[in-house]
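There are 2 protein chains.
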Amino acid sequence: MINDLDQILSASAKRMKRSVIRELLKMTQRPELISFAGGLPSPESFPVEQLKQVVVEVLDTDSARALQYSETEGDKRLREILVEKYRKEGLNININNLIISTASQQALDLIPKIFVNPGDKVICGLPSYLGGISAFATYGADLVGIELDDHGMRPDLLEQKMQELQRKGQKPKFIYVIPDFQNPTGICMPERRRLEIIEIARKYNVLIVEDSPYREVRFSGTPQRTMYELDSTGQVILLGTMSKIFVPGFRLGWIVAHEDVIDKLVMAKQNTDLCTSSFVQKIAAKYFDKGYFEPNLAKTNAMYKEKRDAMVEAFHRFMPKGVKWTEPEGGLFLFVTLPEYIDAEDLFKIAIEENVAFVPGTVFYCNGEGKNTLRINFSFMSKELNIEGSRRLANAIKRMIKE
Amino acid sequence: MINDLDQILSASAKRMKRSVIRELLKMTQRPELISFAGGLPSPESFPVEQLKQVVVEVLDTDSARALQYSETEGDKRLREILVEKYRKEGLNININNLIISTASQQALDLIPKIFVNPGDKVICGLPSYLGGISAFATYGADLVGIELDDHGMRPDLLEQKMQELQRKGQKPKFIYVIPDFQNPTGICMPERRRLEIIEIARKYNVLIVEDSPYREVRFSGTPQRTMYELDSTGQVILLGTMSKIFVPGFRLGWIVAHEDVIDKLVMAKQNTDLCTSSFVQKIAAKYFDKGYFEPNLAKTNAMYKEKRDAMVEAFHRFMPKGVKWTEPEGGLFLFVTLPEYIDAEDLFKIAIEENVAFVPGTVFYCNGEGKNTLRINFSFMSKELNIEGSRRLANAIKRMIKE
Chain A
-13 MINDLDQILS ASAKRMKRSV IRELLKMTQR PELISFAGGL PSPESFPVEQ
37 LKQVVVEVLD TDSARALQYS ETEGDKRLRE ILVEKYRKEG LNININNLII
87 STASQQALDL IPKIFVNPGD KVICGLPSYL GGISAFATYG ADLVGIELDD
137 HGMRPDLLEQ KMQELQRKGQ KPKFIYVIPD FQNPTGICMP ERRRLEIIEI
187 ARKYNVLIVE DSPYREVRFS GTPQRTMYEL DSTGQVILLG TMSKIFVPGF
237 RLGWIVAHED VIDKLVMAKQ NTDLCTSSFV QKIAAKYFDK GYFEPNLAKT
287 NAMYKEKRDA MVEAFHRFMP KGVKWTEPEG GLFLFVTLPE YIDAEDLFKI
337 AIEENVAFVP GTVFYCNGEG KNTLRINFSF MSKELNIEGS RRLANAIKRM
387 IKE
Chain B
-13 MINDLDQILS ASAKRMKRSV IRELLKMTQR PELISFAGGL PSPESFPVEQ
37 LKQVVVEVLD TDSARALQYS ETEGDKRLRE ILVEKYRKEG LNININNLII
87 STASQQALDL IPKIFVNPGD KVICGLPSYL GGISAFATYG ADLVGIELDD
137 HGMRPDLLEQ KMQELQRKGQ KPKFIYVIPD FQNPTGICMP ERRRLEIIEI
187 ARKYNVLIVE DSPYREVRFS GTPQRTMYEL DSTGQVILLG TMSKIFVPGF
237 RLGWIVAHED VIDKLVMAKQ NTDLCTSSFV QKIAAKYFDK GYFEPNLAKT
287 NAMYKEKRDA MVEAFHRFMP KGVKWTEPEG GLFLFVTLPE YIDAEDLFKI
337 AIEENVAFVP GTVFYCNGEG KNTLRINFSF MSKELNIEGS RRLANAIKRM
387 IKE
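The listed protein sequences correspond, in order, to chains A and B.
Quick note: the first sequence uses my numbering, first residue -13, plus one each step.
Quick note: the second sequence uses my numbering, first residue -13, plus one each step.
What you were told as hints is all true, and nothing was included just to trick you.
Any copy will do: because identical chains look the same in the list, a pair fits if it lies in one copy or spans two.
Taking lysine to any residue pairs in the SDA-like style, the calculated list, with each CA pair at most 20 Å apart, reads: (1) 74 x 209; (2) 74 x 216; (3) 369 x 381; (4) 285 x 208; (5) 0 x 107; (6) 0 x 248; (7) 3 x 248; (8) 189 x 146; (9) 291 x 202; (10) 0 x 126; (11) 3 x 249.
Don't read these hints as lab results, they were simulated from the structure.
Looking at chain A on its own, in the form it has when it is part of the complex:
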């Protein structure tokens, strides 16, 4: 039976690939190796003592609900808290515009589930978050990449592509963007760029999926308004998560959208996991209600700023000529561009010899480009290891540079 497995798999299963990052991470378990490959928050950001207090309080006061099945839409109090936060920013939403998801990845699965038929076009950045691209591809989405510049997705190329698709009678299902500190580049779209993208989406009547895990992980510069707020017509679906600002191990995220879209997402989620853990939702709600969120986030961002600064400084000090990198105002990543003749996958092998690891950028390009790019995480390792790892990485690059 099981020998025939390939014959009985669905088309969807045949499209699935093992995550390259996941396989790479297995190679980077040696203790002497400095890994910039993952996208993990620092454990120093976890508010352990406050959590102990909050969990005991939840179990003392609300165990019958915290341990039971709960509503598919999510815990009412937690949804109110998140809606209130957005309303303070200026978003005109209410509780019917927000559903809790089992972290952002579930949102990235539910959205193609309700929108994508095999062969449908989906627009994404070149490069763009691998977990998003990969989830869309599972549903048979045909990904169309649009190059970025220093301000994010290029509107001229987007417009050109939309015209081209229109001529062929094709309408993409949505444009996938990560406007704040994009994964992998760290780029934050200024408001003007956001508006340009929204205008094109409106002109061609296409949804925007605004994936926003890093929005609040900002160390410097001015917060930009969400595309959801700038649009205000229900054209944008906004994704948020606790994973980078609170606790990734809780698997807590949310989707903000027009309530007709939320309604469909609720049905899809019901078939997918019934509801997100009531326990972690109650803990999160209590944590916010006690006012613990903001101070811990401020502390975390101050720590990340130091780590980024240390890394950027080390890059300036150690990197040979011809290497470029982004210097983001937030998020978890720098993106490095090497001279065109260097393939980051070759560099990876040499870097491992130098005891430093990263993710080759090509995995983030749906068209297979980006061979000479790499993603560097600065949030997980200590400041000191960020410096030492940068030195090692520069040494590896120097071994490949032609003078």
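Assemble the complex: chain A is given as a structure, and chain B must be docked to it using the hints.
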């Protein structure tokens, strides 16, 4: 834009329906109403004091891992514990045969994701668990129902249907069964029946999905071997969950299967939610390691036995002639069959007047039959309310009985 929503939805989204049970439950929120409609464990089964201790210990000793992202396959210790439990029963499995899922519903989503193309046949019981049927249908499965008798799915009808499909050149993707205390009927398949179903599955080279949420919720009679163990060829995929034996609000389940199937499920899960909450997995593992699981389960089952006994006794006392019901040795449900001329949806309205609620059985029939059946939960309400609710339900039925 959002006015065109129906036009841009996927085929999958168009197949989704709001859960009937969910809508019914909204009607049953009045405090004076006794609801047998849900499928909730009793909050008295939640080990609150032990959890407080365990959670604090996890946070004190293992917070950096318990609050971080974790492996898609699941927490290693938790997987070891579950494998060890099954090995003691006689299953020949190792850690590569088990993946943690975000409760059983995720398993019921991942399995069609990797096997079902639109139009593929899937065999299920008449009746069968709504959440399973509904998840399969989302992927376009064409459900083929097989009637049950007192021992579960009828092998004669299954064989007949398999022959019929074979003649048409159709091979079902899998046979979906819930051998232990089936939802909704409460029926437990004896070993002989299990073997008959396995034999047919082998003959026609079709997978079996053995959904087993209630297996350990047994109050009397003899435990039956799992179909996974009885088969031993990798033809069976076994689903388990903590939801009925520990804490539903944790959203923790697992899948046992041939490691090639697990490998595909890992890829599918990665696109779906990356990993199940590390926090609740660490808590569950610690809870087992401290030996808290078995005594709490024994206490819970003793409580459920009392509740079932009270209800069965009340049924014997109050029900008019012509009403039949199952008297299961475990699980959470009785299944009631009314005289054929009574439609349970009509009865539902009268029952609501009598301040008692249930789920009309027809929602569990993929072919729309079962109009004269209903599902009754006995785990959530107290013993006293089980008796009083049975009295009210009998009154409602009497109002519809033709003498």
